[in-house]
Amino acid sequence: MRGIVKGFPGVRALQDMRLSLAGGEVLALVGENGAGKSTLMKLLSGIHTPDEGEFFLDGRRVRPRDPRHAQELGISIIHQEFNLMPDLTVAQNIFIGREPRGRFLLRDRELNSRAGELIERLGLSVRPEQTVGTLTVAQQQMVEIAKALSYDARILIMDEPTAALNDAEVAALHDLIRRFVQPDTGVIYVSHRMNELEAVSDRITVIRDGRYVDTLNTAEATMSQVITRMVGRELTTDVGPEDVREDRETVLNVTGLCTKSLLRDVNLRLRQGEILGLAGLMGAGRTEVARALVGADPVTSAEVTLRGRPVRVSNPADAAGHGIGYLSEDRKQLGLLLDQDVSSNIGLGSLRTRFQSFGFVRDKAVRAAARESVESLRIRTPSENQLVKHLSGGNQQKVALAKWLVKDCEILIIDEPTRGIDVGAKEEIYRLLNDLAQEGKSIIMVSSELPELLRMSHRIVVMSEGRVTGELSAEEATQEKVMHYATLRPESERADAA
Amino acid sequence: MTAPAAAAPQQTDQDGIRTLVQGKVQQLLAFASLIAIVVFFSFASENFLTYSNITSVLFSTVVIGTLAVGATFVIVSGGIDLSVGTGMSLCAVMAGVFIVNMGLPIWLGVLCTLLFGGLVGLVNGLNVTFLRLPPFIATLAMMLVAEGLALVISGSSPIYFEGDSGYTDISTGSVIPGTDFPNAVLILAVAALIAGVVLNRTLLGRYTYSIGSNEDATGLSGIDVRKWKIIVYVICGVFIGLAGVLISARLGSAQPATGMGYELQAIAAVVIGGTSLSGGRGSVLGTVIGALIISVLNNGLQITSVPQEWQNVILGCVIVAAVYADQARKRTS
Amino acid sequence: MTAPAAAAPQQTDQDGIRTLVQGKVQQLLAFASLIAIVVFFSFASENFLTYSNITSVLFSTVVIGTLAVGATFVIVSGGIDLSVGTGMSLCAVMAGVFIVNMGLPIWLGVLCTLLFGGLVGLVNGLNVTFLRLPPFIATLAMMLVAEGLALVISGSSPIYFEGDSGYTDISTGSVIPGTDFPNAVLILAVAALIAGVVLNRTLLGRYTYSIGSNEDATGLSGIDVRKWKIIVYVICGVFIGLAGVLISARLGSAQPATGMGYELQAIAAVVIGGTSLSGGRGSVLGTVIGALIISVLNNGLQITSVPQEWQNVILGCVIVAAVYADQARKRTS
Amino acid sequence: IGNTADGDGKKPYIAIISKGFQQQFWQAVKEGAEQEAEKRGVEITFEGPATETEVEAQVDMLRNSLGRDPDAVGLAALDSRAVEPLLKDAKKDDVPVIAFDSGVDSDIPLTTAATDNKAAAAAAAKHMAKALDGKGKVGMVVHSQTSGSGIDRRDGFTDWMKKNAPGIELLPVQYGAGDQTASADITKSIIASNPDINGIYGSNEGSAMGVVQGVKESGKDDIVTVGFDSGQGQINAIEEGRMRGAITQDPGKIGAQVVSAALKAIKGKKLPEVINTGYYWYDRRNINEPQIQDVLYH
Ligand SMILES: Nc1ncnc2c1ncn2[C@@H]1O[C@H](COP(=O)(O)OP(=O)(O)OP(=O)(O)O)[C@@H](O)[C@H]1O
Ligand SMILES: Nc1ncnc2c1ncn2[C@@H]1O[C@H](COP(=O)(O)OP(=O)(O)OP(=O)(O)O)[C@@H](O)[C@H]1O
Ligand SMILES: [Mg+2]
Ligand SMILES: [Mg+2]
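Residue numbers (our numbering), protein chains in the order written: chain A, 1 to 498; chain R, 1 to 333; chain Z, 1 to 333; chain W, 1 to 298.
Same shape as in the complex, but just chain A (with noise of 0.2 Å):
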């Protein structure tokens, strides 16, 4: 493709733009926040079509028109957010648009053997008749792999397909992408975890501010070549986890913690100034554990005591009652107000702490605090009023993370942090954090990328089926050490589970 060109009212998100795949190849696509590799995707799906330029197949010319056409031009896709049916299950999610059916009558058990051998071939840990609503983040991405994997396409597209996991689940699905790969099959693979691209891809292109800057093959770049393009500098990658001394006040304490679905015996203790590292595997609990500590889940027992004194919390609103907040994993459903502005959605945690006087609202405070969050995590905005939905993925990110940097929280609960957020951006994300804890606030953070875990953590908890399987110093834990417990399988009850 060449010349393309894509405005938005307010924003050019792509400015001559080229790009080329090779049958055969892996071309990964790099780029800062809101640079533009999605809406490239979207034009290639045929969701948006280009204001200029033209793409070509085989050396023939064609317009991807609507989806359906991309479809059949042998274009799949997977998109950065989901798009799934959440009341709709794991198979009829996956062949949506190609049910099996006879005459009249869909063939629902086909539809499910199917869709089970799929999954089998994958090795997911879904069922096809699980309705995806009840999946975690993680098996919903796994959901979407595996409905782009179903159609017999040419081209490939994933937007970001493993922000939201494993490394384990990563190297399967890299697997998956190898073996797609043939002769005359391509995959355009949009990434911002750097070390993976060495894994999986061919070559790399790199865009900056929507347009092209240069193609490397990545065999011969090495990383810092990539990210320099990336970001137009150097990168400093020097943040790391201040000491913590040991004898400092235990901010949160909790014993016993237990959910009807998973959760068995949880112990945590968090001190003040403390970076608290969860790692453990998909469905491991850790998001249970977080949504459980502010109370957006009901627990079946738990003693909670904050700075030794014991407190009940049964909602979100208790929790930052006492300090406690809560980034969610799943910022779509979870984390933002997809249809109001940037500064409402930096303010709304705060409004009542911060941001009022007798009960009015002081908007100029909130906008002025909504700018120095888009200024410090460099959110790429027009301007502090654009509707957060029509931000990219990574800057959606950003702004769920700056309402929680903004409300002054004690205790903070973040649940993958950094996902799909560039390089560049993470480094500011990991000093702004760092800083916070220097101030003596309390972090607990869930990732599900180990380096960051190891990087950023003076204390490691591992999880493997909802209980703390091992507990790592800073000094003592390795990658080794943490996917040792991880993949412990505590002497549980299987029987319980099931």
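By construction, these hints were calculated from the structure, which means they are not laboratory data. Treat the hints with caution; some may be incorrect.
Stated by the list, open to error - Mimicking BS3-like on lysine-lysine, the simulated pairs with C-alpha atoms at most 27 Å apart in a straight line are:
1. Lys267/W x Lys11/W
2. Lys332/A x Lys330/Z
3. Lys481/A x Lys330/Z
Starting from the known structure of chain A, fit chains R, Z and W with the ligands onto it as the hints suggest.
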């Protein structure tokens, strides 16, 4: 709202059997509210559980039930249809025009009426998809237009199906030999069965749930959302036409001014039956149970001679209790 | 549905000025439909644009307008309130009980009525939050209960405010010296103004939009969603009470059976005014314009002597046209 | 301004506001008024709210029609108090007001053309009692518990029964909003809970037809039904013997009287205080008599 399990169609599969049984149990539990009410009234009045009273309860469910089954499609797809009530009067009037004024044979007149109902639905569907009007507005407008047109076409007076005693048999006759079990009830049963199969087992049904669940994602999956939405409204329209036939056959006349208010009752039946107004979830069986709950309550309160001004008060409280119990059960199971 | 810019609160700021102006222009354009209708009728009938007819139109907007402004809160928060119509009759009856039967002074009677309205809203709010009933069901039940209670309490006959001519002055009197401009219109204006400020500028308003936009996300942001939702229903209830006072003062009597059907008109006014039924978007100004569009159309069609059976047909078509034009403009701008 | 009637050759204009519009009864009133208007060379408009509970809508209609500068107004008020201020306005502008159907509790209307609903309902009760030989159980399906006509036709019926037919047991009144289907369902419930019922009364066309329908569907053909109003369905039912008989008013005459009285008022002539428009009992025996045929509407 929080109950995932009233969810979309259930499948049969080795793995899925547990889900299936759970689902059935829950439907059974929704049914339980109805049973509880029936049991209560059976004790409250000896006249309640008689053959003739049961038929009359079923008969009184027919019109609301038919409208509600049609509306289920629209509501599952995430829309709403306020035009079912006055649309029904308009269709009844058109049945009169076709059969009485134009002298068409009954079967043809009925067919034309169903098609006319489909036309009403088509206009709704086009307004919702092509003009992109909110369904509430599009169908509210149709409600007003249908109310007016029914009066205009009929000249504001009922059309009587005089000579055609065959026509009233559609509702009040009985094909079951030796009984007076009204055909209308059988027609509703068959229509609901077909609707249930369509919603559960066909492409159309699948896409209806899909659109209601996430319209954008459905579109991005390459499905022509507009087309299917229009079809959904047309189906609802055909049910409006059917209700128009059933009510006019029951009364022996097309009453042009009788439909207003039925829409709220129909939607209430759908929602009591566990279909979510935000779309994506629901079932025809639930709707039928919802419609039955309403008519059993009405009948039971009348039969136990509760003073009429108290009937609505009690009706409101029982609806709250029934829906609450239903939801609470779903949450815990 | 697709119009982003009727969105949440507008801000004033250097940067925001363009957005602000755009927002205002769009509200102006929604207003344009109203103006177009007014201009049309001015040409169609010389009796339309007279002082007395304008006051007539405004006066006839009062009750629907008041209910619609209250319902705006609920709808912006993502709920719905079907009980505003019969709730209003119940409040009117209670005003009669307080003032006529119990002999309270007028101001106290009115205050008690507003509180009673708040109580109705409180029950709705509790049913929606603690019993987790779908708002449609909770308020449908309240609609039935209120309808029944109004009849029970009043003994099914109107309560007349005979001796208290002061009471009717609340609606029909005029505080503007030398005119007969009805107070009710001024009261609606003031109430709408306060509601607008509350919805746009206060914490409550902001949370109302947030809850309507994404209830889960709002809750996880540490906001006590239940509490604020209850408050929203209570506010709507107070407006129901106010409407009860205004209508009974206008009619000089509390009519126990007059409210049914107002809920649909009130919700229609809200939706025509650009508030989305799925919550998160809308404005009080839009609602007032929506209510005006309905009453101007009613008045204009009556005053130009359009045959009554055609009035609803035309009303429906104009609503489609007005809402479509409004949305098309929003899309292009 | 009120007097465009004479000088400039424009036809006089009479605005008529009724209690309803869609029901047969009001359509017949409208027709009578229109025929009279044509004959007398006047222009009229006729409108009414959708149901008899919509007091405010009627007030708005009256207000709007006053805005059209009528030469006279015909009004069937749903609630007298509610229209009082507007009647005062009319008087101020010298617009004569003719009340019809039920009286307006005010001295402004120059005359009232109405049927005595209570007396009419009493007549229905009398015929019911006669048909049952003065004993048995009687149910009532009434169209409204709040509107004037509903209350009068209920009370007229019950009062007469209590006073004159001690052998008749009246069941609690049920209300069906005049909706035929709802009234039919109610009738069937009444029959189900009182299998020994002997007669049922329906207080307007929709209720009466619903009663007939309900009786038919329940198969208890020996139940005596009496009703109110006429209409093709009711006439058929009476001819086929499914209904004993009904009270009809003379809506056409009411409409005509309103127009002619209004014309007299415009010309400044004196009017009687009440114009009784009468009511008639009709049944299988007398239905074909000319004076009955005259007052039946369909
Ligand atoms: N519908 C829209 N309306 C307005 N602006 C938009 C819209 N969609 C995208 N944009 C803008 O276009 C730019 C490119 O967005 P895009 O989603 O392509 O970024 P991206 O490279 O995928 O970023 P990320 O890594 O965060 O996913 C952004 O500045 C974004 O704000
Ligand atoms: N709403 C729900 N209904 C049913 N099961 C759920 C629900 N939410 C989570 N689960 C199940 O609970 C388990 C734990 O999920 P959780 O989200 O806590 O894991 P996690 O460690 O955060 O993993 P990840 O986020 O990577 O998937 C999963 O197996 C998931 O299927
Ligand atoms: Mg992106
Ligand atoms: Mg998680």
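Query raised in the report: What hints, given by number in increasing order, does this structure fail?
Result: Structure breaks hint 3 only.
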